Structures are given as structure tokens and as C-alpha cells.
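With the hints as constraints, model all of the structure from the sequences given.
Just so you know, the sequences run in chain order A and B. The opening residue of the first sequence carries number 52 in our numbering; numbering runs sequentially from there. The opening residue of the second sequence carries number 38 in our numbering; numbering runs sequentially from there.
These are calculated hints, taken from the structure and not from any lab test. All of these numbers come straight from a predicted model, not from anything done at the bench. The C-beta atom is built at its ideal place from N, Cα and C for all residues, glycine as well. All clues given are correct.
Listed below are the simulated SDA-like cross-link pairs for lysine to any residue, each with C-alpha atoms no more than 20 Å apart in a straight line:
#1 K79(B) to D75(A)
#2 K79(B) to E95(A)
#3 K79(B) to L162(A)
#4 K108(A) to R133(B)
#5 K108(A) to R134(B)
#6 K79(B) to I63(A)
#7 K79(B) to A139(A)
#8 K79(B) to T163(A)
#9 K39(B) to R152(A)
#10 K79(B) to R60(A)
#11 K79(B) to S56(A)
#12 K39(B) to E107(A)
#13 K79(B) to R73(A)
#14 K79(B) to R161(A)
#15 K62(A) to G78(B)
#16 K79(B) to L90(A)
#17 K79(B) to Y155(A)
#18 K79(B) to P59(A)
#19 K93(B) to V151(A)
#20 K104(B) to E153(A)
#21 K79(B) to D137(A)
#22 K93(B) to E153(A)
#23 K79(B) to T53(A)
#24 K79(B) to M140(A)
#25 K108(A) to D130(B)
#26 K79(B) to P158(A)
#27 K39(B) to T89(A)
#28 K39(B) to E95(A)
#29 K108(A) to E40(B)
Some residues of chain A that are not near chain B, with every Cβ distance over 12 Å (derived):
#30 K62
#31 V70
#32 P121
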Amino acid sequence: DTGVSQDPRHKITKRGQNVTFRCDPISEHNRLYWYRQTLGQGPEFLTYFQNEAQLEKSRLLSDRFSAERPKGSFSTLEIQRTEQGDSAMYLCASSPGDSVREQYFGPGTRLTVT
Amino acid sequence: QKEVEQNSGPLSVPEGAIASLNCTYSDRGSQSFFWYRQYSGKSPELIMFIYSNGDKEDGRFTAQLNKASQYVSLLIRDSQPSDSATYLCAVSDTGRRALTFGSGTRLQVQP
Numbered sequence: 052d053t054g055v056s057q058d059p060r061h062k063i064t065k066r067g068q069n070v071t072f073r074c075d076p077i078s079e080h081n082r083l084y085w086y087r088q089t090l091g092q093g094p095e096f097l098t099y100f101q102n103e104a105q106l107e108k109s110r111l112l113s114d115r116f117s118a119e120r121p122k123g124s125f126s127t128l129e130i131q132r133t134e135q136g137d138s139a140m141y142l143c144a145s146s147p148g149d150s151v152r153e154q155y156f157g158p159g160t161r162l163t164v165t
Numbered sequence: 038q039k040e041v042e043q044n045s046g047p048l049s050v051p052e053g054a055i056a057s058l059n060c061t062y063s064d065r066g067s068q069s070f071f072w073y074r075q076y077s078g079k080s081p082e083l084i085m086f087i088y089s090n091g092d093k094e095d096g097r098f099t100a101q102l103n104k105a106s107q108y109v110s111l112l113i114r115d116s117q118p119s120d121s122a123t124y125l126c127a128v129s130d131t132g133r134r135a136l137t138f139g140s141g142t143r144l145q146v147q148p
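This is the structure we're talking about:
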């Protein structure tokens, strides 16, 4: 399978704990995006990387959230001191970049904060 | 605030009919338009994209774009029960690339 992969697929954590999600984009895609989706809503943009550079962060990305893409390949999204409002599906997407604008999503990580 | 508006539905059509899904957007700078299909509990799947005014056809799907009216639509011909899903409209501008999504329209195709 050469699609976008995400790990874990599900995460249940207690309020106040830290969690980290991983995304592996489609090989040779240089743009990587993180989105968050809650029930009944469309995905909301969080941040995006071109290669290893984080080029944009949404206002949704509070200081408890941090994302990295250290070698321009996989990316991690960490949430510190989780809150119940962080419960959502966290989606990663990748795009070849340049003139190709289409984004392809991974299966997502569903986070439940209890 | 850039907005993408969709009727939440459900839109119910009989099997074999044409389903018409509509989307309006507020940012006149939007350049790229996408339709994603999302089954319950799954992630969005890209089914169509369109960048120029007019129609674009791919199999049973046709995307229509009217930038002057800030309107994009998706037609699904010969609808099948397997097409029952939520359809998300997304837009982006050339510089930013991040997608702004609508809340989606739930389509139900009745056998």
C-alpha cells in the first residue's frame, strides 16, 4: 500500500496526558498537512509542511500542539496536557506540491480524551 | 473568515437517478476546488477536482465551476447505494494551499 499511513488509528487517553501521532506521507510527496475533524464538521486545517519547513500554522493550533517533520519525510503531531475538547479525528494529508494541488488523506487517528 | 457552505442534507435520491450536490464559497481568491467523499468513520477520499470554469467529467461524476457566482457543484449520474456517503466540498487559493472545507452534504441513495 503506497497511500498515506497514520499511527495509531485510535488513541484513548486521560485528560492531562500527552499524546503523539505519526503520519507517513505518500513517497516523494513534499507537502504534508494536518487537519482535525469533529463529528458533523468538515476537516479544519491545523498546519502544513513543505519538506521539513513548517510553513503555516492555524490559530487552532494552540501552544499545547506541536508538529515536526524533521527529515522531510514522516511527521509527528504532539498534543500536551490533553483536554476533552481535543477529542477528534486527526487527519494527515500529502500532496506532491508544485503545480499538483490535490491532497490525499490518510485513515486518520481518532483521539478520545476521557 | 473564508467560508464554504453546503446544505447538510440528507439528500435522498432513488437508485439510478442523478444526485446534485452544491457548494458556495466566500473567498474570490479561491483557485482550486475539490470534492471528497467520506463514508461514516472513514477519512475523506478525493473524487474530483476542478480549477477552471466549466464542467469536468470523470466517469459518473461531473464537477461544475462558476467562479463569477462563487459556486461549485458535483453531479453523480446513475446513483448507486454505494454512493451513500457525506460529500465534502473544499477550496484553496494558489498561495496558501491549505484546504477550507464545508461541513458536507449527506447523500442517501435509496435502492
